[in-house]
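**Q** Sequence:
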Amino acid sequence: MTLKLTVPNMACSACANTITKALQAVDANADVQADPTTKLVSVETQASETVVKEALIAAGYPAA
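All the letters of the sequence shown, read from the start, carry residue numbers 1 to 64 under the numbering used here.
Don't read these hints as lab results, they were simulated from the structure.
None of these values were measured; they are calculated from a predicted model.
No residue lacks a Cβ here, since even glycine has one placed at the ideal position from N, Cα and C.
Keeping only pairs whose Cα atoms sit at most 30 Å apart, straight-line, the calculated DSS-like set for lysine-lysine is:
#1 53 with 21
#2 4 with 53
#3 39 with 4
#4 21 with 39
#5 4 with 21
#6 53 with 39
Derived CB-CB ranges, DEER-like:
#7 46 with 11: 24 to 30 Å
#8 12 with 46: 24 to 30 Å
#9 48 with 13: 26 to 32 Å
#10 50 with 28: 16 to 22 Å
#11 53 with 29: 16 to 22 Å
#12 12 with 48: 25 to 31 Å
#13 62 with 37: 17 to 23 Å
#14 31 with 54: 15 to 21 Å
#15 12 with 64: 17 to 23 Å
#16 24 with 62: 16 to 22 Å
#17 37 with 60: 15 to 21 Å
#18 35 with 57: 18 to 24 Å
#19 25 with 2: 17 to 23 Å
Model the full structure from these sequences, guided by the hints.
**A** Take a look at the structure:
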């Protein structure tokens, strides 16, 4: 499934890399596109939306 989330405190490419690593930790095959300019994260994953959002919170980037 594809999730599209807004991450208001993603400010730079380092933030995007942290988000990508956090999501791939819960689903190694996740395809993550994180754009600091638009603050949008698109993730193609088998993990549930709840698991994805919890991973973002744990990484310090809660989704809106």
